[in-house]
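Number of protein chains: 2
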Amino acid sequence: MKIKKLENQIREKKSFLCIGLDIDLDRIPSHLKGEQDPIFSFAKEIIDSTNKFAVAYKPNIAFFEAQGLSGWESLEKIINYLNSEYPEIFTIADAKRGDIGNTSNMYAKAFFQNLKFDSITISPYMGKDSVEPFLSFDNKYVFLLTLTSNSGSEDFQLKEISDTSNKLYEEVILKSKEWKNSNNIMYVVGAKNVKEISRIRKLVPNSYLLIPGVGAQGGSLKDICENGLDNGLKLLVNSSRSIIYSSSGEDYAEKAMLAAAKLQEEMEKYIIDKGLVL
Amino acid sequence: MKIKKLENQIREKKSFLCIGLDIDLDRIPSHLKGEQDPIFSFAKEIIDSTNKFAVAYKPNIAFFEAQGLSGWESLEKIINYLNSEYPEIFTIADAKRGDIGNTSNMYAKAFFQNLKFDSITISPYMGKDSVEPFLSFDNKYVFLLTLTSNSGSEDFQLKEISDTSNKLYEEVILKSKEWKNSNNIMYVVGAKNVKEISRIRKLVPNSYLLIPGVGAQGGSLKDICENGLDNGLKLLVNSSRSIIYSSSGEDYAEKAMLAAAKLQEEMEKYIIDKGLVL
Chain A
1 MKIKKLENQI
11 REKKSFLCIG
21 LDIDLDRIPS
31 HLKGEQDPIF
41 SFAKEIIDST
51 NKFAVAYKPN
61 IAFFEAQGLS
71 GWESLEKIIN
81 YLNSEYPEIF
91 TIADAKRGDI
101 GNTSNMYAKA
111 FFQNLKFDSI
121 TISPYMGKDS
131 VEPFLSFDNK
141 YVFLLTLTSN
151 SGSEDFQLKE
161 ISDTSNKLYE
171 EVILKSKEWK
181 NSNNIMYVVG
191 AKNVKEISRI
201 RKLVPNSYLL
211 IPGVGAQGGS
221 LKDICENGLD
231 NGLKLLVNSS
241 RSIIYSSSGE
251 DYAEKAMLAA
261 AKLQEEMEKY
271 IIDKGLVL
Chain B
1 MKIKKLENQI
11 REKKSFLCIG
21 LDIDLDRIPS
31 HLKGEQDPIF
41 SFAKEIIDST
51 NKFAVAYKPN
61 IAFFEAQGLS
71 GWESLEKIIN
81 YLNSEYPEIF
91 TIADAKRGDI
101 GNTSNMYAKA
111 FFQNLKFDSI
121 TISPYMGKDS
131 VEPFLSFDNK
141 YVFLLTLTSN
151 SGSEDFQLKE
161 ISDTSNKLYE
171 EVILKSKEWK
181 NSNNIMYVVG
191 AKNVKEISRI
201 RKLVPNSYLL
211 IPGVGAQGGS
221 LKDICENGLD
231 NGLKLLVNSS
241 RSIIYSSSGE
251 DYAEKAMLAA
261 AKLQEEMEKY
271 IIDKGLVL
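Which chain is which? The protein sequence lines are A and B, in order. Going by this note's numbering, the first sequence opens with residue 1, and the numbers climb by one from there. Going by this note's numbering, the second sequence opens with residue 1, and the numbers climb by one from there.
Just so you know, the hints here were simulated from the structure itself, not pulled from any lab data. Beta carbons are placed, not taken as given, at the ideal position from N, Cα and C, and that holds for glycine. Honestly, I wouldn't trust all of these hints.
What the hints assert, rightly or not - Taking lysine-lysine pairs in the DSS-like style, the calculated list, with each CA pair at most 25 Å apart, reads:
hint : chain 1 : residue 1 : chain 2 : residue 2
1    : B       : Lys140    : B       : Lys52
2    : A       : Lys52     : A       : Lys109
3    : B       : Lys167    : A       : Lys177
4    : A       : Lys175    : B       : Lys14
5    : A       : Lys167    : B       : Lys14
6    : A       : Lys177    : A       : Lys195
7    : B       : Lys77     : A       : Lys109
8    : B       : Lys177    : A       : Lys167
9    : B       : Lys262    : A       : Lys167
10   : A       : Lys33     : B       : Lys109
11   : B       : Lys109    : B       : Lys180
12   : B       : Lys109    : A       : Lys77
13   : A       : Lys109    : A       : Lys167
14   : B       : Lys222    : B       : Lys177
15   : A       : Lys109    : B       : Lys175
16   : B       : Lys140    : A       : Lys77
Claimed, not checked - So the derived label-pair ranges between C-beta atoms look like this:
hint : chain 1 : residue 1 : chain 2 : residue 2 : range
17   : A       : Ser151    : B       : Leu69     : 33 to 43 Å
18   : A       : Lys77     : B       : Asn206    : 13 to 23 Å
19   : A       : Asn114    : B       : Asn139    : 25 to 35 Å
20   : A       : Asp138    : B       : Gly275    : 30 to 40 Å
21   : B       : Glu85     : A       : Gly101    : 30 to 40 Å
22   : B       : Asn206    : A       : Glu265    : 51 to 61 Å
What the hints assert, rightly or not - Far from chain B, some chain A residues (derived; all Cβ distances over 12 Å):
hint : residue
23   : Leu75
24   : Phe111
25   : Ser248
26   : Gly249
27   : Glu254
28   : Ile272
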């Protein structure tokens, strides 16, 4: 059970750090550009140097898609590398997919069967039958977008629904709990929404929350832990750019390791302060 | 201007037919399976045989993604074939993407710059800054999901928002009109929502509507035309499976042509009945 491995990792590493692989060819160190597959080389070094401090990796699919065929090749190599070298690591395809049933089924096939990711991020806009195809796979998980950290999250996600007085993002969470195999659902909550993290933690006390937006997007780890961390330790906090682009020189992997170690250390402190791991 | 070409095509062909390329390797005729790229061979024959009756093609990206690298190769060949052989044809990447700004920008690069699609379908859940990156390209268009035709559309899209008494899908449309370069937005409206098509037509009288769900999903062309067709002729009606899988034998391209011709004939009748084209 991959989810059990994730739980064990969080307790052993005293870390709930997810590292986002938003790998932009324009931002990787120039000495890598002569390599046959600079994106894979970069990712491999980042993974090798940071995995002691991280429990999950989240490739951002758009960045690979933007490179065309070679990008998909790099992505395939990265996920295969993670699955073979670090089988305990949890993997998230940050793809924000979602379509009518037979189409969602194709996306699920692409990311769960072919690429063998453990989980995928999904947009809830099209409702139940657009998400359920992803929930029908054993040991595979959906991170459902609820309240994101971008400014546009206010446009719709925070609107109140008349008949329930819930905000749309709450409605998404409550509805999703009724869906088939809803125990395979985890939730994406942007880091800037501190009050709402606490509210969401209460709505889904037994579900993992994935919280992006720490670092480059400005979210505070302390606030997240105060509001999202409890006995279950079912939390993943993602940081991408502020780790992987810590240095643009030859020491990039070492600097990424230091950035990851610093976050892990902070996480360990909050875990211990709360008395959550003996 | 590609949009002018689309308008001209609709008037010349007396058709607003979009053909969805949801190409499932398990459903294409068995005699093609020995070909080097059966998906491209199938698509090419379908396009060659039906383009007299259609004004747009809409590859469903999930079906290509599910085939891995070879699927992306097939997709690239198909879009290149459409752009070189039929430059007047409007192309839609049915991808349902949407993410925070810098990530949406990568998706836009993938579909607009690299693959050279004219337009892409986008989910509105993350709001303004998740859509605007797609709107910043000249001569490129966004089809924003509003009210879809699947059963899950009732979960959120039809919910009433407290402060405006609009349904969520109406809120999406009204908000989107305020976004930068909103004249590059077109709207996806599922065919089963006949009453709402009429309502949406009034909200965005000058925008194209893309209406999927005719054929296999059961929508009626007559109802759509009565509610969505007016002087502007800014309508695209999509049919996928009921055209491309008209026959599973060697006559598949001919049968697809007959299915497309039948729909075009019906469309011409509604256009003429309404006195819209002299």
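Outcome of the hint check:
Simply put, lysine 140/B and lysine 52/B have alpha-carbon atoms about 23 Å apart, close enough for the 25 Å limit, and the pair holds. With a C-alpha separation of about 30 Å, the suggested pair lysine 52/A and lysine 109/A falls outside the 25 Å cut-off, and the hint is violated. Taking the CA atoms of lysine 167/B and lysine 177/A, the gap is about 23 Å. The hint holds against a cut of 25 Å. For the hint pairing lysine 175/A with lysine 14/B, the CA-to-CA distance comes to about 44 Å; that exceeds 25 Å, so the pair is violated.
Restraint check for lysine 167/A and lysine 14/B: not satisfied, since their Cα atoms lie roughly 45 Å apart, outside the 25 Å limit. Of the supplied pair hints, the one linking lysine 177/A and lysine 195/A holds, its CA atoms being roughly 21 Å apart against a limit of 25 Å. Restraint check for lysine 77/B and lysine 109/A: satisfied, since their Cα atoms lie roughly 22 Å apart, inside the 25 Å limit. Of the pairs offered as hints, the one joining lysine 177/B and lysine 167/A holds, with about 23 Å between alpha carbons and a cut-off of 25 Å not exceeded.
The hinted pair formed by lysine 262/B and lysine 167/A fails the criterion: a straight-line CA distance of about 46 Å is larger than 25 Å. A C-alpha spacing of about 20 Å is found between lysine 33/A and lysine 109/B, which places the hinted pair at or below 25 Å, so the restraint holds. Using a Cα cut-off of 25 Å, the hinted pair lysine 109/B and lysine 180/B holds, with the two alpha carbons roughly 18 Å apart. For a cut-off of 25 Å, the pair hint linking lysine 109/B to lysine 77/A stands: about 22 Å separates their Cα positions.
Taken as a hint, the lysine 109/A and lysine 167/A pair is broken in the structure, with Cα atoms around 32 Å apart against an allowance of 25 Å. Distance check on the hinted pair: lysine 222/B and lysine 177/B sit about 28 Å apart at the alpha-carbon level, beyond 25 Å; violated. Note on lysine 109/A and lysine 175/B: the hinted pairing is violated, with a Cα-Cα distance of about 34 Å set against a maximum of 25 Å. The straight-line distance between the Cα atoms of lysine 140/B and lysine 77/A is roughly 32 Å, outside the 25 Å bound, and the hint therefore fails.
A hinted range of 33 to 43 Å for the beta carbons of serine 151/A and leucine 69/B is consistent with their spacing of about 36 Å. Separation of lysine 77/A from asparagine 206/B is about 47 Å and departs from the stated range, judged on CB atoms against 13 to 23 Å. At about 34 Å, the CB distance of asparagine 114/A to asparagine 139/B agrees with the hint of 25 to 35 Å. One distance hint, 30 to 40 Å for the beta-carbon pair aspartate 138/A and glycine 275/B, is violated here, with the actual separation near 58 Å.
A beta carbon spacing of about 33 Å between glutamate 85/B and glycine 101/A agrees with the range 30 to 40 Å that was offered as a hint. Our hint of 51 to 61 Å for asparagine 206/B and glutamate 265/A holds, since their Cβ atoms are close to 57 Å apart. Under the 12 Å C-beta cut-off, the non-interface status given to leucine 75/A relative to chain B is violated; the minimum distance is some 10 Å. For phenylalanine 111/A, the requirement that its beta carbon stay farther than 12 Å from each beta carbon of chain B is not met, with the minimum near 8 Å.
With a least beta-carbon separation of about 17 Å from chain B, serine 248/A lies farther than 12 Å from that chain, consistent with its non-interface assignment. No Cβ of chain B approaches the Cβ of glycine 249/A within 12 Å, the least distance being about 23 Å, so the stated non-interface status holds. Every CB of chain B is more than 12 Å from the CB of glutamate 254/A (nearest about 26 Å), matching its label as outside the interface. Its beta-carbon lying about 32 Å from the closest one in chain B, isoleucine 272/A satisfies the requirement of being farther than 12 Å from that chain.
The structure is inconsistent with the numbered hints 2, 4, 5, 9, 13, 14, 15, 16, 18, 20, 23 and 24, although it conforms to all the rest.
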